[in-house]
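K.L.:
Could you build the full structure based on these sequences and the hints that come with them?
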Amino acid sequence: MSDLANDFANFKTPSWLTSTLLAGMLRGIEKEGLRVKPDGTLAQTPHPQALGSKLTHPFITTDYSESLLELITEPKATPKAALGMLRQLHVLVHKALPEDELMWPLSMPCRLSLDDNDIPLADYGSSNTGKLKTLYRSGLGIRYGRRMQTIAGLHYNLSFGDDLFSAWHQAIDSEQDFADFKNDKYLGLIRNFKRMTALVLYLLGASPSVNASFVAGREHDLVLMNDSTYYKPAATSLRMGKLGYTNSVQEHLDIRYNHLPEYVDGLRRAIRTPHEGFARLGLDDETGTPIQINNHILQIENEYYSPIRPKQIALSGETPTEALERRGIAYVEFRAIDLDPYSDVGIRLSSACFLEVLALYCLLSDSPELFPEEEEMIGVNIERVVNEGRKKALTVLSDGQDVPLESWMLRHLCKMQPLAALLDAHHGGNDYRTAVALMQGKAGHSESTISAQVLSDSERLGDLWRLGISLAQQHQEQLLEQTLSPNTQAKYEVLAEKSVLQQSDIERDDTTGFDVFLAQYR
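The opening position of the sequence shown corresponds to residue 1 in this note's numbering, with each subsequent residue numbered one higher.
Calculated directly from the structure, the hints in this document are not laboratory data.
Among the hints, a few may not be true.
[Stated by the list, open to error] With a Cα cut of at most 27 Å, we get these calculated DSS-like pairs of lysine-lysine:
1. 12 / 185
2. 76 / 242
3. 311 / 185
4. 242 / 392
5. 498 / 95
6. 95 / 491
7. 415 / 391
8. 185 / 76
9. 12 / 37
10. 498 / 12
11. 311 / 391
12. 12 / 131
P.N.:
This is the structure:
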């Protein structure tokens, strides 16, 4: 078994690594957020027309629900550039929202109806592709309940330039094929990030509480703050625990990240394997209307919930695993990130910089293969930090032994400092070193974490709902005061119009009925 505390014990910044090799890094952000009414209930209106087609727009779409916006940036050369584009998208959205709508700033949802059908599925139009996307969401709803699909998060996507991998490949005089070498190093990053997930949840977790409507009718061990808010006093990220994006069906899939073919085969096996419980739900309702794509463990690859994923840009008609198999890993998607409710775009520059330092640390550190026994230990640590991360003297498991969470975090953060300095040397300034120092302060002072601030402010204002509405209104005011340059505004207007035309073209060119299309897909 790998030792979580000592995996990185021998870490030293490699002598071959220079700041110029970091020039090829690219990062992009995907940020979800619910549209809500002023009373903190879910908006029932369609996707704003001014934002274009959510089927074909490259930057503005929806996730599960029609009310759950997803904003996607292009890959950018700096974190500030990625955050800058994310801000542009937020300004566009807020100017397009109906006057009585806000963007909910928290990962855990607003007030929800007790009737799941009041959470509208995203509608992508009449094309077979659009109908399949809606059907997938219908399947998620009947499998796990629609309430779980109103949880919002942020994905931070990161890639490293080939110059870095080439220098590494030459420095160790590797005889391995370069493409395989690169894939293996990305998988090593992923394994180490999984080992470090507890650190991320403590430092960036922002969901220690939920609205009472979210847990209505469900078994839970949360404490009642008042009649509308449940919480755990020392929780960090309930979104990443058993109340959020986890489910028992996927716990024993044993999808491994040791070799790319092994990962691809594991995902495909889950897609092809029928599940008895999902089979009982049926493929169609009593009227013959399809309600899920199939009755397998996973309907599609994206249904697999993981705190991090290897990614390759899929071409038209290609599945994610086909893209990975044919062209290898292009970037890594960090998914264990709550929305920062105190940022009007859901993430601060310090958090983005910290994630990049962590990614580089995970990439360059030794990364033993990861097997179910260690995965189980990682799961124990995640559950501890999710539920009690700010508890004084909390411990995490390391090689079967308990070690103090605080000292475990500080050891790793200390080792990251030289990497932060290298990133600062490339970008100029001291954003990365400042980010690591900030996280070191949070590691030693739990009251300074985002999760502690959320609980403190909820109690001060009366409940989580009041905090959410208050922050949503503040963010909207700030964003509506901002303007885009005429060229930028025109660019996005053209994109929106083009996306509508693209959807019309797709719908016009469909000559196969959806029943035939679905049968072929299945």
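K.L.:
Against each hint, give a clear statement of whether it holds in the structure.
P.N.:
Results for each hint:
Note on residue 12 and residue 185: the hinted pairing holds, with a Cα-Cα distance of about 17 Å set against a maximum of 27 Å. Between residue 76 and residue 242 the CA atoms are separated by roughly 34 Å; this puts the pair beyond 27 Å, and the hint is violated. Taking the CA atoms of residue 311 and residue 185, the gap is about 14 Å. The hint holds against a cut of 27 Å. Restraint check for residue 242 and residue 392: the C-alpha separation of about 22 Å stays at or below 27 Å, so the hint holds.
With a CA separation close to 19 Å, the supplied pair residue 498 and residue 95 stays within the 27 Å bound. Only pairs whose Cα atoms come within 27 Å are accepted, and residue 95 paired with residue 491 is accepted, the gap being roughly 15 Å. Pair hint residue 415 plus residue 391 holds up; C-alpha atoms about 24 Å apart against a cutoff of 27 Å. Straight-line distance between C-alpha atoms of residue 185 and residue 76 comes to about 22 Å, which keeps the hinted pair within the 27 Å bound.
With a CA separation close to 51 Å, the supplied pair residue 12 and residue 37 exceeds the 27 Å bound. At most 27 Å may separate the alpha-carbon atoms for a hinted pair to count; residue 498 and residue 12 exceed this at roughly 50 Å. Restraint check for residue 311 and residue 391: not satisfied, since their Cα atoms lie roughly 35 Å apart, outside the 27 Å limit. For the suggested pair residue 12 and residue 131, the alpha carbons sit about 51 Å apart, so the restraint of at most 27 Å is broken.
Consistency note: the structure conflicts with the earlier hints numbered 2, 9, 10, 11 and 12.
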